[in-house]
Amino acid sequence: MTTGFSRLAAAAARAPVVLVASRRGNVELWANLVILTWAGVFLLWQGPGFALTVGTVFAIWAILAVSLNLVVGFTGLLSIAHIGFFGIGAYAMAILTSGTSYEELRTDAIPTFGWPFFAALPVSAVAAGLVAIAVGVVLNRFRDDIFVLVTFGFAIISYSVFLNWAELTRGAFGIHDIARPAVGDLVLDSDAEFLAFAVLCLALVSLVSWLVVSSSFGRVLLAIREDEQAAEVFGYRVARYKLVVWVISAMMAGLAGGLFSSWARFVDPYSFALLESILLVSIVIIGGLATIWGSLLGVMTFVLLEEGMRFVPFLPNESIGQARQAVLGVLLVLLMLFRPQGLVGRYRL
Amino acid sequence: MAMDAGRRGVDAGAAGSAPDSMLLELAGTSVRYRSVVALDDVSLGLRSGEIVAVMGPNGAGKSTVLRAIMGLAPVVSGAIYWRGERLAAPTHEIVRQGIAYVPQGRRIFAHLSIEENLEMGCLHLRDAAEKERRMESVMALFPILGERRRDAASGMSGGQQQMLALGRGLMAGPQVLLLDEPTLGLAPIVVAEVFRKVAEISERLATTILIVEHNIKGVLEIVDRAYVLNRGRLAHEGTPRSLRESDVLREVFLGRADAER
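Protein sequence lines, in the order shown, are assigned to chains A and B.
FYI, in my numbering the residues of the first sequence are 1 to 349.
FYI, in my numbering the residues of the second sequence are 1 to 261.
Pulled out of the complex, with its shape left as it was, chain B reads as follows (with noise of 0.2 Å):
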């Protein structure tokens, strides 16, 4: 399932969007925790129907760049376009806006069954209707959660609780889904699924994704295109194949890039 550049003919001008527009894009964006630079002056986008990967060591800032534009994290400089206009809502209005978040760690909610944890993907919805379509939808997509949705979502295992995050991410009908290490702490056999599922989404329900991930060889295999940051910087952009062909990665997870800097 090897993919590059273009990974499925990508219709760049999806949505309405121009063909080179960002639907999603950081424009010199810069996020200090104090004295702490998570985020330097980093600029990246996503257009309409990509997978885009942000990739880099840890403390590198991948997260930080989710975090910043659902508004959790305090932007001191640049911005964040959302379809042309700089995104400057609260995290609530960001969700009614179309960019969902699947955070790290699953985040499910332990004591709720597992339909009401995807239908708190939707609550705000007031259409029964369209909760109900995406209510089918995302078990069409996740079999597992249609078979035991009135358990409790603490007795799931590991995988099928980030099957369960990521249906409640796409519950509140994203055009932009982020997500964040969504294979952190799954067995390999795990791992491979839910990457083959990030895919289907995309390829079913036209989501636009932007996937944080450290498991290098498994979302080079699904992505278009990434970014690659270390230390708060971008450190690379390109295509599955130019990263594969060049030492950006080796030089950034072992440290040489830092090192001739």
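So that you can see chain A by itself, here it is in the shape it has in the complex (with noise of 0.2 Å):
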């Protein structure tokens, strides 16, 4: 924990150089300006409720978005799977604290255990871990194309499984009542409780990631991201490597669905679906690969224009949705033409 500790305050040391470095790429420092007024503008127009619920999409989306940079952005593996490990804890967490009898909803019935949120948490980290191990070992036979293709896949079946597997997840019915963060009499039940909850997962995972990519193990995923092979011939065991920090990212976002989960007191497979992990990825790409900053930009972007939206007055309501994902693809190719790197980001695709 001192090399932890020590690493902190150098860094604390860093910061105005850090400042002055980043103020040299004028575009970072635009759009960090831009990003930043345009929310803050946004959150007072709309005023506190607005702001605190836009806030807790954020904190989980960017717990999520920070997650898949390790993997995706550190380590140079794109994967398409992540949604499927959000789902999972998501699932976790609805399972074994869902109280609900669902016998009165004239639904199928599902096992309940009405565990409290703080136990569950940990076992739907835990539970994307576990099927993280599995998946990753078979990955770590592929590369490239084939490796994208393979987490594809992984996105499918994660996403049939929530649909299909009716007797844990009551398939397209979804979960209902699921806990709230409680300590004893404490019940984080408000939205500016579970914000700040929210909040201080996020700052724990960013920190988490930091130490991670800032230790010597975060060194040689980098070196594993530039050339994977010349890493191994310097002793590296790269397989154990890509294994490890899979593991790590898929547990973030198991941590994330537990969070999302109960904080919509309710899951059902649509939120879990391709579409949404394609988004997630789209998102780590436009706030820039291997910056944990970048997947914070990236995720304030995409929650300011998925709201942002609703207030286009041209826009019939039905539309609204398409027209995020339109959006978001223009910016997508935009970026790609112009800032193959992101918005803040240190490496291409």
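Each hint can be trusted.
For the chain B half of the interface with chain A, some residues (derived, Cβ under 7 Å), not all of them:
| id | residue |
| --- | --- |
| 1 | T91 |
| 2 | V95 |
| 3 | R107 |
| 4 | F109 |
| 5 | M120 |
| 6 | L123 |
| 7 | H124 |
Since the hints were made in silico from the structure, they are not lab data.
The beta carbon of each residue, even a glycine, is placed where N, CA and C say it ideally should be.
Dock chain to chain to rebuild the complex, using the hints, since each chain is given by itself in its own frame.
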């Protein structure tokens, strides 16, 4: 832990230098200024209630994006599978904490356990991690395009399991009555309390990610990203490094899933469809590969677009969803054309 | 700087080896990629402290020799011996046993700094003092790396990148350094500098070196012995003088040896 603190202190000492360095890149500076100003103005305009909801959505998606960036950005493994781990975490939380008597709802019953939130949250992360070990062992046999295709396959399989394993997930009906965080009599039931807890989780995940990428382990990940075989011939067990970062990332996604289902108090398979996974990868690329701040900025851009589209006057309500995806798609194409490293990224895809 | 057998009085008995015992040896080694035989019953060896070249035309199997030693090529028959014991460890173990490989094309990590690239050579080393000692030793050998230690490796010239690749290999503290075409794609003046540095590594650090090289004239200036491969088979073994005096290189490179066979 001493090493972690000393590295934190060193980073704090370097902060002004980093700030000056970031000013060298005008695009990065403008991207930061525009998005942060946009976020500030938008939240002030819409008021605190809106800010609490948007803030929580931001925190949960930011955990997902930061964790995915460990794999896609820092290690160079383009994965579409992340939404599957998010779903596993969400369903673990839902199944373990739901107390609803489904017979009363006249739909299929599933086992209910009535666990408290804080007992279920680590299980959400561990369940995602265990599945990630099994998937990662298989994925380690593949590289490049084939790797992407196999992760694509996992995303489809996980969605099918959520939808069709009705005895466990209640399929398309979804699971209701999911627990909110509570310690004794203190229940974090209000939006403000939940937001504070979600932001705390985001801070924790960002800190862990930072410790991972700034360690010698993280250096090897960057080397694997650049030249996997070269890293191998310098004595690094590349397969093991890839598996470890894959599992860490999946556990973070599982944690985000647990938070998500507790916040929404309901899960169904449609939140974990393939399109969500593609959106998530797009967010990471837009923000910038191999940068934690870039992931946060990418999610901020996405959430602002997502919510901001509601206020476009000439857009009919039924077209808002499609319009969001179109705008995000156009943004992605423009970035790939003019700034392939993303808003504040270090690497091109 | 022309040298011949016993280029600088190589101590064959160094590191506790018997005078004629090989530090690293391929014994009747064959490598096959599906139906393609890349190495066919090749035997060669290195004594402690030597610089040994492997030469031959394109497709002769030169790089395959190094890849087989590093566990990166499928050995289908024969064996590789390291200090008299069979070497059958995975690649990451081989590095820790004292064999470092500098692959063809330099393969530096372009987005890392020069210092970070060098550290990649020995990140598994726990002893910080030893790590620092090796860093200083490498920077003494290649002063340009010390002067630009914080710069991104991508900003270096081809020659400087080759120095970085050599330095990164040395950071592992190897007894044997395997160099795959270290002068490939470099300007003639830089090629001479690379060969000088290879000789200097051998002199100053007593590192045994196996070098695969297409620049015959340059490499024969610095090696103790050389092996010539042709179509995966050993065509000749000898000192630089014996190679210069024989027609084997001309025959191999012009294809006449093959025709006679």
